[in-house]
Amino acid sequence: MAEFYRLRNQAKHYDWGSPCLIPDLLGIPRDGRPYAELWMGSHPGSPSQVDLPEGAVGLGEFIGGPLPYLFKLLAAEKPLSIQAHPNLEQAREGFDRENREGLAQDAPNRNYRDSNHKPEIVCALTPFVGMCGFRSPAEITRLFGGFFWDDTSSILRKGFAPLLKALEAPTAESALRNFLAALFDTPPDLRDALTEFILSQRRANEREGCEWALMRDFAKQYPGDPAVVAPLYLNVFRLQPGEAVFLQAGVLHAYIQGFAVELMANSDNVLRGGLTAKHVDVPELMKVLDFAPMDPQIMKPGPGTSSFTYPASCGEFSLTVMCDLAELALDGPSICMVTDGEVSIEGQTLRRGESIFVPAAGPGAKPLALHGSYVLHVASTGKPA
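Numbering (numbering that gives the first Met the number 0), first residue to last: 0 to 384.
Quick caveat, the hints were computed from the structure, so don't treat them as lab data. A portion of the hints provided could be inaccurate.
What the hints assert, rightly or not - Restraint ranges, calculated between C-beta atoms of paired labels, are given here:
hint: 1; residue 1: G301; residue 2: D339; range: 15 to 21 Å
hint: 2; residue 1: R99; residue 2: P366; range: 48 to 54 Å
hint: 3; residue 1: Q239; residue 2: P358; range: 43 to 49 Å
hint: 4; residue 1: R99; residue 2: G363; range: 47 to 53 Å
hint: 5; residue 1: S372; residue 2: V56; range: 28 to 34 Å
hint: 6; residue 1: S306; residue 2: P358; range: 40 to 46 Å
hint: 7; residue 1: P43; residue 2: D294; range: 48 to 54 Å
hint: 8; residue 1: M285; residue 2: E2; range: 45 to 51 Å
hint: 9; residue 1: L198; residue 2: G26; range: 38 to 44 Å
hint: 10; residue 1: V56; residue 2: P362; range: 22 to 28 Å
hint: 11; residue 1: P366; residue 2: P282; range: 50 to 56 Å
hint: 12; residue 1: A168; residue 2: D294; range: 17 to 23 Å
hint: 13; residue 1: Q239; residue 2: P362; range: 18 to 24 Å
hint: 14; residue 1: E100; residue 2: L198; range: 39 to 45 Å
Said to hold, decoys possible - In silico DSS-like cross-links for lysine-lysine, where the CA-CA straight-line distance does not exceed 25 Å:
hint: 15; residue 1: K219; residue 2: K299
hint: 16; residue 1: K77; residue 2: K219
hint: 17; residue 1: K164; residue 2: K277
hint: 18; residue 1: K157; residue 2: K219
hint: 19; residue 1: K277; residue 2: K11
hint: 20; residue 1: K11; residue 2: K77
hint: 21; residue 1: K277; residue 2: K77
Note that this is a predicted model, so its numbers are computed, not measured. No residue lacks a Cβ here, since even glycine has one placed at the ideal position from N, Cα and C.
Use the sequences and the hints to build the structure in full.
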């Protein structure tokens, strides 16, 4: 019989988190604090604890090394920063460079806290809103045309000219690179006028839909940040429960609102691009970004599917959702969380919000026997697609 071990996981109380979503899933009292994330894995910043008869031990210590992935619950009540993550080569070079420069591991201006890349997948537990990937230059030009109404101020008309001119470059990649550079280079008076104009509009929803509603929310929270217009140059996506999006390294993105499971390579490397009070290193961000236009591909199980693995071109992890199966057979070391219902595993009851670690199956190991009505999200090692 395969073995499994109950986990105790640590929450992160970032200010963008929800005070209720994670506590309600875990069945613990709300205490007024924002619960942004729950980490499941061996990451040294917040390792899961394995409950053993002789006491609790960190998961990394228990298995004798790190897992290649980090599994999370993510509960966003306010938008996370716009960001991208480096590929493996960029991460190694940047980490070595910042080490040579003597930057402390916890320095606020450090971009590379390790030498790993960070592809990731987000799978919705509730309706979930995010942005990812650049729109085409033609679509950005069309959306920016919404600013040029009769009451648009002259400072905006003049200020937008370099952005729109940049979008005329001969290739999409060069157009988007030039556009983003021009946006970051906007002077303070234009940034202030941009915020004021967005907040002054009352007919925006009728003209361009959700993009304008998002921009108003961003402008209220981050006045003076040119990235408040991100919904005009990034694709806005909406996930229903069970739907997921995979993000490769270099894709500019932001999660805006909702509850999801998130699975990523085990890394802390983040290059931010706006909607944040944290460090923004524009030259470094521009080095790691993929400027090819990208439409987010939404993945979801088919009707009546009892087990579905979300396609992800990444060797570090694989995400599977299971519903009411009688057996659980896993190849690599896995973390399983009950996200709905209740399941009995080899006679031990696991309730909503509880999680286990299942070591890699040895030769001849039998699947775990399951009983109950449940939804299980399983993080495991993966294979490139």
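Could you see if the CB distance from R99 to P366 stays within 48 to 54 Å?
-> holds, 49 Å
Do the Cβ positions of P366 and P282 conform to the proposed distance bound of 50 to 56 Å?
-> The hint (50 to 56 Å, Cβ to Cβ) holds, given that P366 and P282 are roughly 51 Å apart.
Given pair status - K77, K11, alpha carbons within 25 Å = Measuring from Cα to Cα gives roughly 15 Å; hence the hint holds.
For the pair Q239 and P362, does the Cβ-Cβ distance stay inside 18 to 24 Å?
-> For Q239 and P362 the Cβ distance comes to about 41 Å; the hint is violated.
Keeping to a limit of 25 Å between CA atoms, is the pair of K219 and K299 held or broken?
-> The hint is violated at about 34 Å.
Consistency of beta-carbon spacing, E2 to M285, with hint 45 to 51 Å = With Cβ atoms ~48 Å apart, the hint holds.
Return holds or violated for the Cβ distance of P43 and D294 against the range 48 to 54 Å.
-> The hinted range 48 to 54 Å is violated for P43 and D294, with Cβ atoms some 36 Å apart.
Given the hint of 39 to 45 Å, check if E100 and L198 actually sit that far apart at their C-beta atoms.
-> Given about 40 Å between the Cβ atoms, the range holds.
Given pair status - K11, K277, alpha carbons within 25 Å | holds, 17 Å
CA of K277 to CA of K77, is that 25 Å or under?
-> holds, 15 Å
That 43 to 49 Å hint for Q239 and P358 (C-beta), does it hold up?
-> Since Q239 and P358 have Cβ atoms about 34 Å apart, the given range 43 to 49 Å is violated.
Return holds or violated for the Cβ distance of A168 and D294 against the range 17 to 23 Å.
-> holds, 20 Å
The structure does not agree with the numbered hints 3, 6, 7, 13, 15 and 17 stated previously, though it agrees with the rest.
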